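J.: Chain order of the listed sequences is B, S and D.
FYI, the numbering for the first sequence is 8 to 292, going by our numbering.
FYI, the numbering for the second sequence is 120 to 495, going by our numbering.
FYI, the numbering for the third sequence is 18 to 379, going by our numbering.
Hints are supplied without guarantee of correctness; some may be wrong.
[To be verified] Under the rule of at most 27 angstroms between Cα atoms (straight-line distance), these lysine-lysine pairs were calculated in the DSSO-like manner: (1) D/Lys122 with B/Lys202; (2) S/Lys154 with D/Lys122; (3) S/Lys464 with D/Lys139; (4) S/Lys468 with D/Lys184; (5) S/Lys147 with D/Lys262; (6) D/Lys184 with S/Lys351; (7) B/Lys198 with D/Lys170; (8) D/Lys281 with D/Lys306; (9) S/Lys246 with D/Lys249; (10) D/Lys139 with D/Lys122; (11) S/Lys410 with S/Lys451; (12) S/Lys464 with D/Lys44; (13) S/Lys246 with D/Lys262; (14) D/Lys184 with S/Lys451; (15) S/Lys468 with D/Lys139; (16) S/Lys410 with S/Lys468; (17) D/Lys139 with S/Lys451; (18) B/Lys13 with S/Lys137; (19) S/Lys422 with D/Lys184; (20) S/Lys155 with D/Lys262; (21) D/Lys139 with S/Lys246; (22) D/Lys170 with B/Lys202; (23) D/Lys301 with D/Lys262; (24) S/Lys228 with S/Lys155; (25) S/Lys422 with D/Lys301.
[Unchecked claim] Coverage of chain S stretches by chain D, computed from C-beta distances (three or more under 8 angstroms per stretch; other residues unrestricted): (26) 197 to 208; (27) 361 to 368; (28) 443 to 454.
Hints are computed from structural coordinates only; laboratory data are not their basis.
Quantities reported herein were computed from a predicted structural model and do not represent experimental measurements.
Glycine is no exception: its CB is placed at the ideal position from the N, C-alpha and C atoms.
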Amino acid sequence: MNQLSKPQRVFRGFLLGLVILFFMFPIFWIFLMSFQTNEQILRIPPSIFFEPTLINYQALITGRLETQAGNLDIAFMENLWNSVFLSSSAVLLSLVLGVPAAYAFARYRFRLGEDIAFTILSFRFAPPLLVLLPLTLYFEDIGLSNTYTGLIWVYQLISLPLILWIVRGYFEDISPDIESAYRLAGHSWLKTFLKISIPLARPGIAAAGLLSFIFAWNNFVFALVLASADKQPVTVGALAFVTASGIQYGQIASGIVLSVTPTLLLALYAQRYLVEGLSLGAVKG
Amino acid sequence: MTEVQLSLNSVDKTYYGKKIETAVRAVKNLSLQIKKGEIVALLGSSGCGKTSTLRMIAGFEDVTGGTIQLSNRDIHDLPPAKRNVAMAFEGYSLYPPLTVRDNIAFALKAERISRSESDSKVIEMAKFLEIEEILDRYPSSISAGQQQRASLARALVRKADLYLLDEPMGQLEPQLRSVLRVRLKQYLQVHQMTTVLVTHDQTEANALADRIAVMEDGELQQFETPTQLKHKPANIYVGTFIGEPPMNTFAAEVKPTGKGFQFRLEETGEILDYQAVDFQQSLHDQLIKHKRIVLGLRPHAVKLGKGALMAQVISNQWLGDQSHIAAEFANKIIVAVSHQRESFKLDEKVPFQLEASDLHFFNAENGNAIAHGLEI
Amino acid sequence: MTTLQLDRVTKKFKADVVLDEVSFEAKAGETVVIFGPSGSGKTVLLRVIAGVHEPEEGKVLLQGHDMTDVAPEHRDVGMAFQNFALFPHFSARENIASPLTALGKSESQIEEQVHSIAQLLKIEHVLEHLPRALSNGQKQRTALARALVAAPKTVLLDDPLRNVDAKLRFEMRLELPRLLRRFGSTVLYVTQDYREAMALADRIAVLLGGEIAQFDTPESIYLRPDSIEVAKLFGEPAINILRGKVNEQANRVSVNQNQFIMPKGFHNKAGKFCEIGIRPESIKLFREKRVGAISYEVITITPLNERSVVLLRSQEGLELLATYPAEEQTAKIGDAFWGMVVPEDLLLFEIETGQRCLSERN
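Given only the sequences and the hints, what does the whole structure look like? Please build it.
T.: Here's what the structure looks like:
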């Protein structure tokens with residue numbers, strides 16, 4: 008029963024191939040598109056054979072787009088930098104706040120503990136649109152509109168719950184006896200937290216951090232509403248390619264490739280941690 | 120001559136992994152003939168193949184090679200339900216929505232007996248295993264030990280050709296284990312139930328079994344009565360596995376002297392001196408062939424008080440019905456057992472002697488037994 | 018000199034009272050074993066002493082100082098856990114060194130002390146390994162080394178031999194007393210195995226249902242148990258408990274139609290019912306009739322390592338378990354024996370309370 012027969016293996020390979028095709032095809036196509044001119048992209052029937060060109064990337068990097076209707080300034084590289092800055096800062100802040108909080112939830116029973124934890128998780132379920140309108144008004148009032156601070160703060164809604172829930176599971180999996188043993192060896196609570204608890208939860212912290220980074224990077228709605236042009240990340244910045252003279256598919260494609268590449272690389276590099284972190288944290292012994 | 124009830128013939132079990140290289144041969148060419156009414160224990164440490172063997176007999180694993188016969192019919196190809204075998208599992212597996220009483224009675228459903236007969240059987244069994252008070256409770260509300268006894272009851276109450284017990288006492292408190300073993304053995308003997316039980320606890324195997332099959336790494340080491348295993352272990356593995364306090368082993372050089380033998384312990388140089396008259400001629404001839412052997416000695420061989428050898432007392436442990444005196448000799452800890460309350464001064468050097476008849480001699484290369492002092 | 022004292026310590030988990038006004042003390046260098054069945058509160062007790070749990074009521078005193086509110090790292094306590102609790106990301110060496118690094122010792126001092134204790138526990142060859150590369154026996158010794166290396170005043174051992182195979186457990190039981198003696202600390206040792214308790218303890222605290230049922234030397238507990246419950250916990254197989262009626266002269270007690278000779282000094286029990294306890298090893302068996310002996314038939318014989326357990330049944334239906342040395346095992350099922358119990362070996366217990374009856378001589 009453990010051996011798959013030859014036809015079963017072939018069939019399994021075929022199914023896997025289909026699945027890979029299904030998921031990878033859009034990415035593959037966009038990658039191709041990023042090396043084509045608009046005319047090549049819009050040609051019917053579409054073809055995978057063409058003369059590759061770098062003008063799309065050139066336009067993004069130099070910040071100037073030359074079209075039939077005229078020249079356009081593109082702030083894509085600024086948007087890329089905004090994405091990096093906003094996502095990293097948000098995740099960093101979430102880690103600093105979330106990891107100790109996760110520890111508290113894991114180790115201590117306090118009144119309404121579960122309720123508070125669940126409330127924080129519920130932020131992930133709630134549609135962002137729910138809070139956006141009130142937020143814009145408040146932000147105007149307290150002067151946080153279109154500030155990095157404001158955005159990083161709002162991004163906590165995305166990253167903090169994730170870190171809390173994943174890392175909490177990891178801390179719960181560490182036997183309290185191990186921490187007690189370090190305390191009994193003569194070390195203070197803080198030393199124990201830094202030398203024992205955090206290192207042992209590291210896979211979970213890494214996984215949670217990575218995942219939060221990806222979600223923060225992909226966020227569209229918050230940045231759209233709460234940021235103006237100079238603070239916008241790539242998700243919003245891509246809208247600029249929908250111009251009066253037509254949709255610049257080529258630039259969109261290269262923009263997508265550039266925005267997806269960092270997170271894709273990070274995820275590929277850390278995919279082992281991601282799967283381990285997500286499942287281990289969830290399954291309690 | 121009691122007839123053979125269960126027969127395993129060259130049974131083999133291999134577990135295949137993803138690659139050819141990760142195949143594990145869990146049971147290697149195992150042959151056992153078990154008589155009707157006999158209680159047999161499969162004994163060994165984890166991974167030795169005993170559980171795989173039990174599962175093959177039950178039908179939960181396929182037999183990779185060889186055959187199994189029960190009551191003279193081939194069962195290795197039959198599904199478990201058709202084998203007429205009852206099994207008590209290690210994980211007790213009681214049905215949660217049924218009371219203990221109904222769990223046990225469930226096993227009797229397949230037998231066409233009257234309700235009153237079924238009831239009385241359940242009560243008889245419950246009395247036996249001392250779970251009468253919990254008959255009407257649910258599995259979730261009783262202790263691990265009680266669950267295990269209920270699971271046992273469920274397996275034993277059926278009429279079957281063979282009873283399989285997987286670590287039947289693992290969850291019970293030590294004092295209860297002894298009492299229950301007596302009851303279980305009594306029940307199995309009175310009702311002439313052919314039983315195969317799996318355990319890693321040699322105390323349990325010794326207590327319950329008529330014969331014990333010691334397994335290691337998928338291979339059968341020896342299949343004999345507990346007494347035979349104790350007095351004539353086939354190799355060092357069996358010798359050191361069976362018995363508590365365990366057998367001590369010492370690597371020794373054999374030096375025939377004109378008048379007998381000297382055994383020089385390799386690690387520390389102590390010399391055990393024996394006259395020729397201590398050994399039978401056949402034993403003498405066997406020993407002559409080897410330059411190096413491994414000596415085995417059991418606790419009752421250590422007679423403290425007088426002798427040519429010296430050991431240093433490291434602890435006196437009185438356990439109520441016996442005393443264990445531990446002493447260091449030739450870099451090992453030997454234990455003398457006394458059924459009186461006895462103690463020696465700590466750290467004192469005490470003389471002792473070892474009778475040749477109490478020694479076991481093993482081949483230093485392959486661990487097999489050369490001869491046993493008792494054969495003298 | 019008392020180095021450890023518990024004063025009416027009570028610990029609750031939600032509504033569950035796990036420790037109920039537990040009090041006892043241990044002298045310097047003494048080994049006290051905390052013994053009881055699972056769920057009796059032994060591990061919680063140890064953790065309260067370690068400072069991992071805080072008691073609801075009561076005090077913990079170490080070296081005469083009230084440590085009840087003191088954090089674990091300041092109690093000078095070494096602890097070995099049942100599931101070892103080794104730091105998975107530290108090597109065995111770093112594990113053992115951890116109590117020494119907290120004391121701010123120099124590298125070379127730490128090196129020396131770690132090496133010394135590793136040699137003692139025979140694990141110096143695996144010091145560089147991570148816990149996952151160690152066998153259970155090696156893990157247990159590493160945990161022990163870590164608990165002992167800084168020579169703390171109090172050593173807490175939470176069932177350290179539980180997760181170790183039978184062979185090694187037996188060996189360690191013989192070696193531990195010598196090891197602990199070398200350090201001279203006050204040791205609190207938790208176990209469920211009565212043999213371990215009797216072998217290692219200077220005194221045993223029997224913990225039942227969160228309360229101390231008896232706190233005495235192993236000898237006193239075994240020979241003079243305070244209650245049936247305590248008597249049943251020590252000895253394998255468990256003590257035979259039978260209901261009997263004492264005659265008017267208080268020199269015989271009858272269990273149905275069988276009679277045993279009573280020990281002297283129980284005139285206050287004349288004509289009354291009581292529970293009698295007979296340890297299996299107290300029943301001496303003879304082939305020939307003796308005065309006061311009862312005739313039994315052998316029903317089952319079960320070896321128990323160095324002894325044999327035999328189920329006996331008298332003609333009148335009385336069933337008893339008896340044990341004798343394995344070398345003397347010649348009996349077969351169906352054999353007849355005469356069994357005698359030395360009167361002084363008979364224990365009497367009150368029916369309602371299960372408490373042991375004391376003779377007029379005590």
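J.: Work down the list of hints and note, for each, if the structure agrees.
T.: Hints, one by one, checked against the model:
no. : hint                   : verdict
1   : D/Lys122 with B/Lys202 : 18 angstroms, holds
2   : S/Lys154 with D/Lys122 : 67 angstroms, violated
3   : S/Lys464 with D/Lys139 : 25 angstroms, holds
4   : S/Lys468 with D/Lys184 : 25 angstroms, holds
5   : S/Lys147 with D/Lys262 : 60 angstroms, violated
6   : D/Lys184 with S/Lys351 : 20 angstroms, holds
7   : B/Lys198 with D/Lys170 : 23 angstroms, holds
8   : D/Lys281 with D/Lys306 : 23 angstroms, holds
9   : S/Lys246 with D/Lys249 : 20 angstroms, holds
10  : D/Lys139 with D/Lys122 : 24 angstroms, holds
11  : S/Lys410 with S/Lys451 : 22 angstroms, holds
12  : S/Lys464 with D/Lys44  : 22 angstroms, holds
13  : S/Lys246 with D/Lys262 : 25 angstroms, holds
14  : D/Lys184 with S/Lys451 : 14 angstroms, holds
15  : S/Lys468 with D/Lys139 : 23 angstroms, holds
16  : S/Lys410 with S/Lys468 : 30 angstroms, violated
17  : D/Lys139 with S/Lys451 : 13 angstroms, holds
18  : B/Lys13 with S/Lys137  : 14 angstroms, holds
19  : S/Lys422 with D/Lys184 : 22 angstroms, holds
20  : S/Lys155 with D/Lys262 : 45 angstroms, violated
21  : D/Lys139 with S/Lys246 : 49 angstroms, violated
22  : D/Lys170 with B/Lys202 : 26 angstroms, holds
23  : D/Lys301 with D/Lys262 : 22 angstroms, holds
24  : S/Lys228 with S/Lys155 : 25 angstroms, holds
25  : S/Lys422 with D/Lys301 : 24 angstroms, holds
26  : 197 to 208             : violated (count 0)
27  : 361 to 368             : holds (count 4)
28  : 443 to 454             : holds (count 4)
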